[in-house]
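A.B. asks: Sequence:
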Amino acid sequence: MSTPRRTLRGLLAVVTIALAACASPHSEHFVPLTQGPVPPLTSFVHRAASPEIELFWNCRRPGQGITRLEGAARNSGQREVRSVFLTVTAMQAGDRPLLETAATVPEVVLYRSGPSPFQVDLSLEKPPSRIDVSAEYRMTPTVNAPDSAGPQGTLTAEDACAPSKHPNPSYRH
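Residue 342, in our numbering, is where the sequence shown stops; the numbers in between run on with no holes.
A couple of the hints might just be wrong.
[As the list claims (entries may be wrong)] In silico lysine to aspartate or glutamate, DMTMM-like type, Cα no more than 25 Å apart, as pairs: (1) K334 to E269; (2) K295 to E269; (3) K334 to D264; (4) K295 to D328; (5) K334 to E239; (6) K295 to E327; (7) K334 to E305; (8) K334 to D290; (9) K295 to D264; (10) K334 to D301; (11) K295 to E239.
[Unchecked claim] Ranges of calculated distance between the beta carbons of each label pair, as one might list FRET restraints: (12) P209 to K295: 32 to 38 Å; (13) P332 to P310: 37 to 43 Å; (14) K295 to P332: 17 to 23 Å; (15) P231 to Q321: 29 to 35 Å; (16) L210 to A262: 31 to 37 Å; (17) Q247 to K295: 42 to 48 Å; (18) P320 to P206: 29 to 35 Å.
Treat the hints as calculated values from the structure; they're not laboratory data. We put the CB at the ideal spot given by N, CA and C, even for glycine.
I would like the entire structure built from these sequences, with the hints used as guidance.
C.D. replies: Below, the structure is given as structure tokens:
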């Protein structure tokens, strides 16, 4: 991704988070779960993976007009993963964004030893046609380039709440 595009996306994320803090009840909320244990990864219905990270999540409807994504990000590679930036987008017909929220997963560094939880609530007046989830992340800089920001990657799951998409092979009822 080019630097101007990353800068624009970062600025959009900051504005989105700022607006969400003072928005109407028909907005989105990212709730980092920094306290308490992470549920077993086998309890999450959905999974998406790249060589470096895995995302696990469940989609719930806790109230009228609210869709909640609860999940965890886990390092599945050999290196530390830093700066996981999660974006959840509610799409309307015609692949137009209806609502988008973005935030950093609570853990600054994901190690192989454990996952980091997240929760996103989307409050919408009308149901979206689909919900997309993406994660942008950076790995720890290499020994050859210790002062660099480290390699980056992206993981995307379109229609994240569809029952037949992104199944977690280890899911247990």
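A.B. asks: Hint by hint, which ones does the structure fall short of?
C.D. replies: none
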